[in-house]
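A.B. asks: Sequence:
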Amino acid sequence: SDEAGAAARLAERAPPPAEEQAEEVRALLGEVVQEAAAPARGAALRVALGDVSARWRAVSLADGLREFMEQDLEDLRLDVPALPQILREELAPALASLRGGCRVPA
Numbered sequence: 733s734d735e736a737g738a739a740a741r742l743a744e745r746a747p748p749p750a751e752e753q754a755e756e757v758r759a760l761l762g763e764v765v766q767e768a769a770a771p772a773r774g775a776a777l778r779v780a781l782g783d784v785s786a787r788w789r790a791v792s793l794a795d796g797l798r799e800f801m802e803q804d805l806e807d808l809r810l811d812v813p814a815l816p817q818i819l820r821e822e823l824a825p826a827l828a829s830l831r832g833g834c835r836v837p838a
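My numbering puts the last residue of the sequence shown at 838; the count rises by one with no breaks.
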């Protein structure tokens, strides 16, 4: 599948340096939520978050998610009117499916 191929390509790449990982997560989330096609968004979230949770520092995902929510959310709401729905129906389940689980901060 396309997702399996994307996951394999990500696995071949080294994770970014530890001090850059949270910012990378933040940037990734900002890009993915702006994708117009829901299936592509869902696939990108599953593949990227799976890679992050499996190979990056444990706190990188939580820190990047928090930074995204604190720094980018308000601006993106103007550009992506469906953002609350995307967070609730796509990002939250993708995070919950990760090993150990994770959730969107309130």
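Check before you lean on any hint, since a few could be wrong.
DEER-style ranges, computed between Cβ atoms [claimed, not checked]:
1. G737 - Q803: 26 to 36 Å
2. L805 - S829: 14 to 24 Å
3. R820 - A794: 29 to 39 Å
4. Q766 - D734: 11 to 21 Å
5. E744 - E802: 30 to 40 Å
6. A770 - L810: 15 to 25 Å
7. A828 - P771: 27 to 37 Å
8. Q766 - R745: 15 to 25 Å
9. P825 - R798: 31 to 41 Å
10. P816 - P771: 18 to 28 Å
11. P747 - P813: 26 to 36 Å
12. R798 - E767: 29 to 39 Å
13. A790 - P825: 19 to 29 Å
14. S733 - E806: 15 to 25 Å
The set of hints was computed from the structure by calculation and includes no laboratory data.
Ideal Cβ positions, reconstructed from N, Cα and C, are used throughout, including at glycine.
A.B. asks: Does each hint hold? Answer for all of them.
C.D. replies: Results for each hint:
no.	hint	verdict
1	G737 - Q803: 26 to 36 Å	holds, 32 Å
2	L805 - S829: 14 to 24 Å	holds, 22 Å
3	R820 - A794: 29 to 39 Å	violated, 19 Å
4	Q766 - D734: 11 to 21 Å	holds, 19 Å
5	E744 - E802: 30 to 40 Å	holds, 32 Å
6	A770 - L810: 15 to 25 Å	holds, 20 Å
7	A828 - P771: 27 to 37 Å	violated, 19 Å
8	Q766 - R745: 15 to 25 Å	holds, 22 Å
9	P825 - R798: 31 to 41 Å	violated, 19 Å
10	P816 - P771: 18 to 28 Å	holds, 19 Å
11	P747 - P813: 26 to 36 Å	holds, 33 Å
12	R798 - E767: 29 to 39 Å	violated, 22 Å
13	A790 - P825: 19 to 29 Å	holds, 21 Å
14	S733 - E806: 15 to 25 Å	violated, 35 Å
In this structure, the earlier hints numbered 3, 7, 9, 12, 14 are contradicted, and the remaining ones agree with it.
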